[in-house]
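Enquirer: Sequence:
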Amino acid sequence: MRNILNMNSLTIFLVLIPIFVLVLYLFLDDCSKLSNTIEGWTNYQQKPLGNWYTGFDPLEFYDVPRYRTPYRYPVCHIKDYPIKHCAHLD
Numbered sequence: 079m080r081n082i083l084n085m086n087s088l089t090i091f092l093v094l095i096p097i098f099v100l101v102l103y104l105f106l107d108d109c110s111k112l113s114n115t116i117e118g119w120t121n122y123q124q125k126p127l128g129n130w131y132t133g134f135d136p137l138e139f140y141d142v143p144r145y146r147t148p149y150r151y152p153v154c155h156i157k158d159y160p161i162k163h164c165a166h167l168d
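Residues in the sequence shown are numbered from 79 upward in steps of one, following my numbering.
What the hints contain is simulated information worked out from the structure, not anything from laboratory work. A virtual CB, placed ideally from N, CA and C, is assigned to each residue, including glycine. Check before you lean on any hint, since a few could be wrong.
Stated by the list, open to error - Label pairs and their in silico Cβ distance ranges:
hint: 1; residue 1: R150; residue 2: L102; range: 54 to 64 angstroms
hint: 2; residue 1: T89; residue 2: G118; range: 47 to 57 angstroms
hint: 3; residue 1: F98; residue 2: L127; range: 49 to 59 angstroms
hint: 4; residue 1: L94; residue 2: K162; range: 48 to 58 angstroms
hint: 5; residue 1: Y122; residue 2: H155; range: 15 to 25 angstroms
hint: 6; residue 1: L106; residue 2: I161; range: 33 to 43 angstroms
hint: 7; residue 1: G118; residue 2: L88; range: 47 to 57 angstroms
Build the full structure now, drawing on both the sequences and the hints.
Expert: This is the structure:
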């Protein structure tokens with residue numbers, strides 16, 4: 079009986095050790111790639127109303143014509159994020 083337990087534990091170790099080494103290698107390989115990433119966050123201003131937002135580089139826009147003014151157009155509220163500005167009630 080004791081010999082069977084030793085064989086089972088040996089088999090478990092022979093299977094688990096390569097799996098552990100593989101997972102460790104994949105984790106360390108992924109972590110090394112994270113240090114090379116550069117995030118290009120930038121602030122931009124929405125043109126017709128002047129609201130400020132945050133986006134990542136490169137910023138690409140497409141023209142969407144506005145057929146009406148925002149709700150209660152001249153009314154706006156002060157926002158502090160990302161830059162202090164007057165944001166309209168969209």
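Enquirer: Confirm or reject each hint.
Expert: Structure-based check of all given hints:
1. At roughly 59 angstroms, the beta carbons of R150 and L102 sit within the given window of 54 to 64 angstroms.
2. Taken as a hint, the range 47 to 57 angstroms holds for the pair T89 and G118, whose Cβ atoms sit roughly 51 angstroms apart.
3. Range check, F98 to L127: about 56 angstroms between beta-carbon atoms, so the 49 to 59 angstroms window is met.
4. Under the hint 48 to 58 angstroms, the C-beta atoms of L94 and K162, about 56 angstroms apart, fit the expected range.
5. Remark: the range hint 15 to 25 angstroms for Y122 to H155 is upheld by a beta-carbon distance near 20 angstroms.
6. Between L106 and I161 the beta carbons are some 40 angstroms apart, a value that agrees with the proposed interval 33 to 43 angstroms.
7. Separated by about 52 angstroms at the C-beta atoms, G118 and L88 satisfy the suggested range of 47 to 57 angstroms.
Hint violations for this structure: none, all hints satisfied.
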